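**Q** Residue 1 is where the sequence shown starts when you use the working numbering, and the numbers rise one by one after that.
Check before you lean on any hint, since a few could be wrong.
Claimed, not checked - Quick list of simulated restraints, FRET-style, between CB atoms:
no.	residue 1	residue 2	range
1	Ser185	Thr30	33 to 39 Å
2	Lys146	Pro58	27 to 33 Å
3	Asp142	Gln35	43 to 49 Å
4	Asp142	Asp177	44 to 50 Å
5	Pro170	Ala51	25 to 31 Å
Calculated from the structure, these hints are not laboratory results.
Values in this document were obtained by computation on a predicted structure and should not be read as measured data.
Just so it is clear, CB atoms sit at the ideal spot from N, CA and C, and this is done for glycine as well.
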Amino acid sequence: MLSIPTDEILDPRVKRTRNLLEQAFMEAVTEKGFQAVSVQDITERAGINRATFYAHFPDKYALLDHSVRQMFRQELEKRMLSVCTFSMENLRQLVIAVCEFVSNANSHCAPPQPQFESLVETQVKAQLQELLQNWIEQAGSDVDPKIAATAASWAVYGLASQWSHDKKRPPVESFADQVLPLVASNLHLMQTA
Numbered sequence: 001m002l003s004i005p006t007d008e009i010l011d012p013r014v015k016r017t018r019n020l021l022e023q024a025f026m027e028a029v030t031e032k033g034f035q036a037v038s039v040q041d042i043t044e045r046a047g048i049n050r051a052t053f054y055a056h057f058p059d060k061y062a063l064l065d066h067s068v069r070q071m072f073r074q075e076l077e078k079r080m081l082s083v084c085t086f087s088m089e090n091l092r093q094l095v096i097a098v099c100e101f102v103s104n105a106n107s108h109c110a111p112p113q114p115q116f117e118s119l120v121e122t123q124v125k126a127q128l129q130e131l132l133q134n135w136i137e138q139a140g141s142d143v144d145p146k147i148a149a150t151a152a153s154w155a156v157y158g159l160a161s162q163w164s165h166d167k168k169r170p171p172v173e174s175f176a177d178q179v180l181p182l183v184a185s186n187l188h189l190m191q192t193a
């Protein structure tokens, strides 16, 4: 299972403030694009002062990092993937979840902004690696779980990114079916599915 996010053990006032900041940030990014958003924009929308912002985050990049981590974690939890074990169907659902998440995240920044996409990529791949490593360890594979999970997480993210940027992309379910054998081969668990 994924480790407990630090937000779950925070004081309710801190959680509320962070939620206000995250919501204001995402609204501002959707409206203006990531590069154009300032800390002042975020604090005005959230109805808090700049000192409070800086008590929680050193800059907008740290807020983006935190927001993406939280949103992707929630997506995994919503789909119950964070408490599953390895199966080909669970892996398929994970590919679909990542494709949809990456596509949605990219839609917040038009035109595409490399810094934004890079931060999304870092957070998604880290959580994918953690989840896949857990699945591999539970399955008792002979392969090094960290190496296999790293390879698979990069494959899943790369494929999802390619799918989200494709102007003539197939339905996400068809795409997941097409790439599933490629992703599963990185895990060396196909024989246990």
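**Q** So, for every hint listed, does it hold in this structure?
**A** Each hint, compared with the structure:
1. Ser185 <-> Thr30: 33 to 39 Å: Roughly 37 Å apart at Cβ, these two residues keep to the hinted range, so it holds.
2. Lys146 <-> Pro58: 27 to 33 Å: holds, 29 Å
3. Asp142 <-> Gln35: 43 to 49 Å: Between aspartate 142 and glutamine 35, where Cβ atoms are some 46 Å apart, the hint holds.
4. Asp142 <-> Asp177: 44 to 50 Å: Since aspartate 142 and aspartate 177 have Cβ atoms about 27 Å apart, the given range 44 to 50 Å is violated.
5. Pro170 <-> Ala51: 25 to 31 Å: violated, 49 Å
The structure is inconsistent with the numbered hints 4, 5, although it conforms to all the rest.
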